[in-house]
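Chemist: As a plain string of letters, each chain reads:
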Amino acid sequence: MASRLIEILGSGCAKCEMLAQHAEQAAQELGLDYAVIKIKDPVAIVRRGVMQTPALVVDGQVKLQGRVLTAEHLKEYLR
Amino acid sequence: MPVPRLRSLLLALLGVSAWWLVYRSLEPLGRWLAFRLLGLAPGSRLGAAVAFFAYEAPKVLLLLVVVVFGVGVVRSFFTPERTRAVLAGRRESVGNVLAALLGVVTPFCSCSAVPLFIGFVTTGVPLGVTFSFLISAPMVNEIALVLLFGLFGWKVAALYAGTGLIIATVAGWIIGRLKLERWVEPWVYATATGPAAGGSDAPLAWGDRFEFGREAVKDIVGRVWPFVLAGIAVGAAIHGYVPQDFMASIMGKGAWWSVPLAVLIGVPMYSNAAGIIPIVQALLEKGAALGTVLAFMMSVIGLSLPETIILRKVLTLPLIATFVGVVAAGILVVGYVFNIVL
Numbered sequence: 385m386a387s388r389l390i391e392i393l394g395s396g397c398a399k400c401e402m403l404a405q406h407a408e409q410a411a412q413e414l415g416l417d418y419a420v421i422k423i424k425d426p427v428a429i430v431r432r433g434v435m436q437t438p439a440l441v442v443d444g445q446v447k448l449q450g451r452v453l454t455a456e457h458l459k460e461y462l463r
Numbered sequence: 029m030p031v032p033r034l035r036s037l038l039l040a041l042l043g044v045s046a047w048w049l050v051y052r053s054l055e056p057l058g059r060w061l062a063f064r065l066l067g068l069a070p071g072s073r074l075g076a077a078v079a080f081f082a083y084e085a086p087k088v089l090l091l092l093v094v095v096v097f098g099v100g101v102v103r104s105f106f107t108p109e110r111t112r113a114v115l116a117g118r119r120e121s122v123g124n125v126l127a128a129l130l131g132v133v134t135p136f137c138s139c140s141a142v143p144l145f146i147g148f149v150t151t152g153v154p155l156g157v158t159f160s161f162l163i164s165a166p167m168v169n170e171i172a173l174v175l176l177f178g179l180f181g182w183k184v185a186a187l188y189a190g191t192g193l194i195i196a197t198v199a200g201w202i203i204g205r206l207k208l209e210r211w212v213e214p215w216v217y218a219t220a221t222g223p224a225a226g227g228s229d230a231p232l233a234w235g236d237r238f239e240f241g242r243e244a245v246k247d248i249v250g251r252v253w254p255f256v257l258a259g260i261a262v263g264a265a266i267h268g269y270v271p272q273d274f275m276a277s278i279m280g281k282g283a284w285w286s287v288p289l290a291v292l293i294g295v296p297m298y299s300n301a302a303g304i305i306p307i308v309q310a311l312l313e314k315g316a317a318l319g320t321v322l323a324f325m326m327s328v329i330g331l332s333l334p335e336t337i338i339l340r341k342v343l344t345l346p347l348i349a350t351f352v353g354v355v356a357a358g359i360l361v362v363g364y365v366f367n368i369v370l
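In order, the protein sequence lines correspond to chains U and Y.
Numbering (the working numbering) for the first sequence: 385 to 463.
Numbering (the working numbering) for the second sequence: 29 to 370.
Be aware that one or more of the hints could be misleading.
As the list claims (entries may be wrong) - Just the calculated beta-carbon pair ranges, DEER-fashion:
hint, chain 1, residue 1, chain 2, residue 2, range
1, Y, Ala233, U, Glu413, 25 to 33 Å
2, U, His457, Y, Gly67, 48 to 56 Å
3, Y, Leu37, U, Gln409, 30 to 38 Å
4, Y, Tyr269, U, Gly396, 39 to 47 Å
5, U, Ala428, Y, Ala357, 33 to 41 Å
Don't read these hints as lab results, they were simulated from the structure.
All figures in this text were calculated on a predicted structure; none of them were measured in a lab.
Don't be surprised by glycine CBs; every beta carbon is placed ideally from N, CA and C.
If we strip away everything but chain U, and leave its shape as in the complex, we get (with noise of 0.2 Å):
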């Protein structure tokens, strides 16, 4: 089973909890083994790299920035 390190970047805000949500779903469709953390520190999210939240890094590397997308178009990003 391929496993997946699923980084949620953002303060918090609505949109966050959102891309969070809709990348969760579309690790367990796809049946991986996944963890999500959620990164609020804004020192460690521009030590990413990254200025729009939210973002999505998927095994250190940055996926996306500033879009929520839904589930099943995220699942491009986390196969």
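Dock chain Y against chain U, hints included.
Modeler: Below, chain Y alone, put in the same frame as chain U:
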């Protein structure tokens, strides 16, 4: 031309014409609803208020959908990374102007103001230039711009955009001249900012850009429509119940204190641009002076309590106070200038 593309083009054309037809027939529809269907008397206060609401609500929502879609597409060409690359190491004056302009088109949400601020100032964007961006991004709001255009014509829209840009440029320049770096929280400059991560600037096809537009409509219109309806309801009440020229005495040109008062009331208030403009429209109609109303609107949209609270994470109180003070002073000047000139 391949068939699927032809079909989507035809669908788009059909959609645009349908939109136009609906948009054009809103005024008679609103009157019909208020005076025929509900049987209200055309001269009555309630009749005037209901007709205003029935016309303005769908009109503003229709405009909003189109504008937000268009802006979503335009913004897909800009990212904070690219904007930062343009601004990094810029000389102040030129940098302030560029930052104010880019603030209008770069995707920005006050929720990511903190990472953006750190990302800018730690990679060589001067503090004052960063402020020009942070001031213009919320203040010269595309929703406000197009609603102003739709409701009052291009002159008011251009005045608003022009003065907003000038305030952002000058206020940022002043903050830069004051050398306030010491009032930024010390840890900010010690932050090791990672290289631009991408993920928001992959090359895009037009289909993707339209997808950005659709996302923006779903997100923004889905979020602001209650504000819009509430704003139009307040506007409708003012339209129907406040006597003609009532505002002239309180918010008219003669009342010199009305501009600072408008700014004082406006700064702590927070509303979406789409919600405040119907109110602005009704105030103007009742004799309020344009400068006063513009000052009120700018302080509501451009300076918001939530954003200053967010920025408190990276700025010390004296710098926040300077920032709010300088911008409020700029708005004040704009209000007075318009009341004198127009």
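Chemist: Honestly, do U:His457 and Y:Gly67 meet the 48 to 56 Å range at C-beta?
Modeler: holds, 49 Å
Chemist: So does U:Ala428 sit 33 to 41 Å from Y:Ala357, Cβ to Cβ?
Modeler: holds, 36 Å
Chemist: Taking 25 to 33 Å as the hint, is the beta-carbon distance of Y:Ala233 and U:Glu413 inside that range?
Modeler: About 26 Å separates the Cβ atoms of Y:Ala233 and U:Glu413, which means 25 to 33 Å holds.
Chemist: Regarding Y:Leu37 and U:Gln409, is the given constraint of 30 to 38 Å on their beta-carbon distance met?
Modeler: Roughly 34 Å apart at Cβ, these two residues keep to the hinted range, so it holds.
Chemist: A range of 39 to 47 Å was offered for this pair. Does it hold for the Cβ distance of Y:Tyr269 and U:Gly396?
Modeler: holds, 42 Å
The structure is consistent with each of the numbered hints, conforming to all of them.
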